[in-house]
Every structure is written in structure tokens, then in C-alpha cells.
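Novice: If you want the building blocks of each chain, they are given just below.
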Amino acid sequence: MIEIKEVYEDDSVDRLKLRYRPRVLKIEASSTLYTPTRVIVDTEYKNKTKFANELEIDDAISIVVNYFEREQLKSFLSHNGELKKLKEKIDSFGRQATDSKIRVLSLILKNTEGIFNTKEDVEKFFRFLDSAQLNLNTRSLPYFKTDKIPTKKLYEDFCKTFENPVIWINLKEEPNAFKDRIDILETLITEKRLQVIGIHYAKYYNANINYDYLYTRLHDKEVLLLLEGVDRKFKDPPLSALHFYPYLSFDAISPLRKQYGFGDTDYLKSIKNTTFLFRKNLFLEKFNIFSETDREEVLADYKISPFLSVINQAEEMRRNDKLSKDLTAARYVSDQFKAFSYVQQAIDGQKEMKIISKLSKGSEGITYIEEKKELKKKITNFDQEKMYNVI
Amino acid sequence: MMKRVIDMLEKDYNKVFNLKQATAYIENLDANKANKNINVEDAILLLLSVLDRNKQIISRTLLMKAVFLFYEEILKDFGLSKGASEAGYIAYKYGPYSYQVNLSLITLVLKGDVMLKEYHSKQKVDVNDINSSKTHFLASYSTNLNFEDVYNKYKDLFAQKHINMQEFKNTLAKKKHGWDQDSYIGILRYVYSKYPRYINKSELRDVYPDLFYGIIKEDKVSPYDRNKRSL
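As you go down the protein sequences, you meet chains L and B in turn. When you number the first sequence by my numbering, it's gap-free, plus one each residue, and the end is 391. When you number the second sequence by my numbering, it's gap-free, plus one each residue, and the end is 231.
Hints listed in this document are in silico derivations from the structure and should not be mistaken for laboratory results. From a predicted model like this one, the values you see are computed outputs, not experimental measurements. Ideal placement from N, C-alpha and C gives every residue a C-beta, glycine not left out. A hint or two may mislead.
[To be verified] Listed below are several chain B residues computed to face chain L (Cβ distance under 10 Å; list not exhaustive):
no. : residue
1   : L103
2   : I106
3   : S140
4   : A159
5   : K161
[What the hints assert, rightly or not] Within a straight-line C-alpha distance of at most 27 Å, the following computed DSS-like cross-link-like pairs (lysine-lysine) qualify:
no. : chain 1 : residue 1 : chain 2 : residue 2
6   : B       : K175      : L       : K351
7   : L       : K269      : L       : K322
8   : B       : K169      : L       : K354
9   : B       : K174      : L       : K50
10  : B       : K20       : L       : K303
11  : B       : K82       : L       : K26
12  : L       : K351      : B       : K117
13  : B       : K93       : L       : K50
14  : L       : K46       : B       : K82
15  : L       : K286      : L       : K303
16  : B       : K174      : L       : K280
17  : L       : K351      : L       : K50
18  : L       : K358      : B       : K117
19  : B       : K175      : L       : K303
20  : L       : K46       : B       : K174
21  : B       : K174      : L       : K351
22  : L       : K46       : B       : K117
23  : B       : K93       : L       : K46
24  : B       : K117      : L       : K89
25  : B       : K93       : L       : K354
26  : B       : K117      : L       : K85
27  : B       : K175      : L       : K46
28  : L       : K303      : B       : K153
29  : B       : K82       : L       : K354
30  : L       : K84       : B       : K169
31  : L       : K303      : B       : K117
32  : L       : K50       : B       : K82
33  : B       : K82       : L       : K358
34  : L       : K160      : L       : K145
35  : B       : K15       : L       : K26
36  : L       : K172      : L       : K119
37  : L       : K303      : B       : K169
38  : L       : K26       : B       : K93
39  : B       : K174      : L       : K26
40  : L       : K89       : B       : K153
Bound-form chain L, shown alone (with noise of 0.2 Å):
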């Protein structure tokens, strides 16, 4: 059972103007985390097993994310064997998420008109998805739009049938529809009936008026406002955006995990390209930014591993500004360094969001923004900007 408790709500932030207040949530799992936190998503996980390291990535909330396809949903609810491959890819995820306290799946159903045709559609697909999800703590409903079964019977039913219901919403969605849904949501966590809520990312500003209603209603809520997809960084600066969501009171942050990946064929500009988390800053820098203190202070923690060589190598050809001779050396080069960046971004991101949470507990919580000069104009001044899709 997991059970949510709002143990503080920061005043002290009003004298920096901020638009939005964070807050701090204490959750109670098998044990205890605060909020905010930054979600591990399923691939930072298999970028893990793909370089050698024994390091621990704190992932007190952990997510699958899978995406269905109009096809791929049509096929899920009509051909035998579908669900295996959802579950499988569950059970994968979950067997390196087995120390998670939360383990969610977010499911995100691409144009779902004319597939629920009848009440009996939904209650089959919410039974082969409770199937698929068995091995989470969870049971997550996917968003989706459909006139057979009234949203509040539907969401009702759903906290009524299973354990640990996380519901999810579309920022996207059109205001109105999204204000009723988010009312009817406000009386299930009233009534305790509902602990999570997932939030598919939309950009601010293109969804300031959603973020808004979400905020006003839910903000002083006890429920867990898990925010899925955020870009990792703003454009300009490059600042962590993860770390700045916690500031419009999301408790719980995963990056975008991305539908489709191609690797890079050109290896040096895949190394010349990866980027890691500047924790001095919040920056999400490439490697060659860094001068050779602020490199050396980034790894750091990561120069034990018997992985140190990779680093080497990519900061060898870095360097020479070419490859070694060898390109299957370079490419496998190329292939770890990057898989080793999207692990620091984790491990690294995790601590900041720790230290933000201990901090907005108390007044500490102004030196910190302070320290991080890029984050506090952000914060203060984002509605100001003029720089339209950046948030």
C-alpha cells in the first residue's frame, strides 16, 4: 500500500515571486522517500547492463514506458499473443526495478478513435492490462478518450477493482474536458481512493492553461502528481529541465524516453555529442565544454569502475579529434560512452533532487536557488520570457 503524506509546504519561496510553490511530499511504500524525485525510466536501465559498472542508480519510482500505435492497440485487443510481448517487456523491466518502491507503467496510446467500440472493449483491455502489469505494485490506466462508459464510472471502477490505481492524464488535452477530468479525479484523492496521478508532459506554453487547473486544484492535494516525458534540458541555457518541474509542484519526474532510437553511425560526433549533468550548474553539457577540472570533478565518482579505460578511449579520439583505427573498437567505444552519459544523468540527477528535497523543507532552499543561478531565472521569470516553446 503505498500512502502519501504532505509534510510541508514552503512559504518561505513566496519572497522570490515564484509563480508556482513547490512542496514536499512524504510517501510510504515499503518504506520511505520524499518528493520531489526523479523517476528512472526502463531504458536508463538497460544503459546500465551495457558498460561494465556495479553502480547504484537510486530508483525509489521507476517506469516502463511503451507506446501503442493505432495498429499495435487494435492488434493488442483482437490477436492471441499480443499481451505476451507487453508483459514480457514488464517483466524485463521489472526485473532490474526489483529493489524500486514504485514500479508504474506508463502506456501511451497514440489515436485510439472508433477501437473502443463497446463497454465490453474497455473492461477487456483493462483486464489483459492488469495481466501484463502482475510483476509492478501498481496498476496503471492509460489515457484514452471514449463515450461507451462515463470517465467518473469508468475512473471509479478502475480505484474499485485494483491496488495501488495510477490514473493518467494528458496535458494536451483540450481545457475543458481536462478541467473534468481533473474534478473528478479531486474527489477520489478526497476520498483517498486514488494515491497517483501520471501526467503525459506537454510543453508550458502550450498547455499553460491545463498546468494551471492542475495546479490550483491539485497542489495542496495529497496525491503524487508523476510527471512522464519532460525533455531533459531547455535549449538555451541547457539547463537540467528535470530539475526545474519540481518548481511547478511535480513530485515525480522521468525524462522523455523516445518512441524510436537510432544509434549514431558517426562515432566521434556521438562521443563529441554526449552529454552529461554538470552538477555545479545543472547544465546537461557536452564533454568537450567542460575544462579539465569541471570533467574530472563530473566523473569522479565513476573513475573506479573497470570501465575507466572507455572513458579514456572516447576522450583519447575527443581529443585527437579522430577515431582510432579500429571502428568497431570506436564504435563500442561510442556505444558504452554514451550509455555510461544517460547513467550519470541519473545518478547524478537523483542527488540533486535529493538535495532539493531536503532543502525545500527550509530556508536552505533559497541558498540553493541562488547557488544555481540559471534555475532561479527560470523560476522567477519564466512567464516573462519571451522565448515561446522553450518550457
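Since the structure of chain L is provided, determine the placement of chain B on it from the hints.
Specialist: Chain B only, in chain L's frame:
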């Protein structure tokens, strides 16, 4: 010729004993027991019970390698063991393997201290061929025992070495958490690159190539990777 034989013997970590040597070896093991060194069964239980929230390890390979690393990287560092050879680890088909650990696991399962769930899944290798399928076997090991109960058996030993329980538990929990997240693929990659002497007999030594002394050779890259590259 003689030199070559000696070299080979030195490189081979599987040792053959005559009766006299074997008796001495067993006596030595008994002496270790008398010194109350942590025995293999308890090492497994400590490992399984250290994370309160989920007392389990999924996959046989992962468990075998995790016990190996527990000996090599934790018990050895804390001065509680001489290393994995104490638990009978030798170089085998999939890297370090111990018959002793396997036997202890069976004993623990029979005693009811460790619960074992086995399952398998079949995957089609070729969609056009109905007979081509690959079966994956998986096992999940879990325990109901508490870490403290197992730890208390060796209270004196830990006190003698000035080891604080919380510090030991935290170190183990942190490492175990990392190993679990690696799954068997990641842990093999780690063990193979850090302990190359245990892979000389491994069937998978070319599947998990890694950088030894900073050099990657074409023949160290897996055939799978090479095929992918040529596509």
C-alpha cells in the same frame, strides 16, 4: 617443456589435489569454521536479506556472481574473508562458479530458508519457422529471514574486527542494489572485465568483450555485434 607445463599450471586456477593435500585442505576448511568465518549459506542469506523492501534475487547467474562479488569486494575489504576462492569459486563455463554455493543454495531451499520460484519463457527465433524457439529459464530466490538475525550469529567476529553493523549493512545494500539493477547481462560484463582470470574457460568470453588494459581488439568484439555492424 617443463617451463611450459609450470606456466600452464600457474595459469590454471582449477587445482588437482592428491589425498594428502585434499585432507589438509579440508582440515583447513574445518579450521576456518572453528574460527567462525562467515559460511557460504549465511553469506547467501545476508545477501538476500539486506534490502528490506524486496528480499529477492532474480536469475541464477546473477545470484552466483553476486555471491562472488560479495566475497571479493565486501567480505575481503572488511577483512572477513580471503576472497571468492574461500567459497570455492573456480573459472567455469560462465565465469566464476562455485559448486559449494550451488550446494548451499539447495540446502537452504530444502531447509525452507530460501524460496525458489522457477519459470521459463519461450521466444520464437524465426517467425517463419514454427520449430525454431529459444527457451529462457529464470529463477527467483527470496528469503523471509531478517538481516539482523543472520548478522547476530557472527556478532563476535564483527566486534573483533571492529565492524559496525549499520556500516556493513549499508555497504552491502548499496552494492546489492547496483548488482540487481545490472541484471545478469550487466553483472557478467562487470565480472568479466574486472576479474579476467575467471573467464579463461568461459563460453561467453567473446560475447561480453571488454577493455583489458585499455585495448580492444577486433576479435574481442562479439560475433553478434560484428554482424550488426555489417548490416
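Novice: Just to be careful, I want the Cα atoms of B/K93 and L/K46 compared with a cutoff of 27 Å; is the pair within it?
Specialist: holds (25 Å)
Novice: Verify the proposed pairing of B/K93 with L/K354, using a straight-line Cα cut of 27 Å.
Specialist: Since the Cα atoms of B/K93 and L/K354 sit roughly 42 Å apart, the hinted pair is violated (cutoff 27 Å).
Novice: Decide if the proposed pair is consistent with the structure: L/K50 and B/K82, CA atoms, cutoff 27 Å inclusive.
Specialist: Status violated; Cα separation ~30 Å.
Novice: Hinted pair, alpha-carbon criterion (27 Å max): B/K15, L/K26. Please report holds or violated.
Specialist: Status violated; Cα separation ~55 Å.
Novice: Please verify whether L/K89 and B/K153 have alpha carbons no more than 27 Å apart.
Specialist: Given that 27 Å is the threshold and the Cα spacing comes to 41 Å, the pair is violated.
Novice: Do the alpha carbons of B/K82 and L/K354 lie within 27 Å of each other, as the hint requires?
Specialist: Roughly 37 Å between the alpha carbons, so the hint for B/K82 and L/K354 is violated.
Novice: Taking only the CA atoms, is the gap from B/K20 to L/K303 under or equal to 27 Å?
Specialist: violated (46 Å)
Novice: For a C-alpha distance cap of 27 Å, please report whether B/K117 and L/K89 respect it.
Specialist: holds (20 Å)
Novice: With a cut-off of 27 Å on the C-alpha distance, tell me whether L/K84 and B/K169 pass.
Specialist: This hinted pair is violated, its Cα atoms lying about 38 Å apart.
Novice: Is L/K303 within 27 Å of B/K153, Cα to Cα?
Specialist: Violated - the C-alpha atoms of B/K153 and L/K303 are around 36 Å apart, more than 27 Å.
Novice: Between B/K82 and L/K26, does the CA-CA distance stay at or below 27 Å?
Specialist: violated (43 Å)
Novice: With a cut-off of 27 Å on the C-alpha distance, tell me whether B/K175 and L/K303 pass.
Specialist: holds (16 Å)
Hints 1, 2, 4, 5, 10, 11, 12, 14, 18, 25, 28, 29, 30, 31, 32, 33, 35, 38, 40, counting from the list given before, are not met by this structure.
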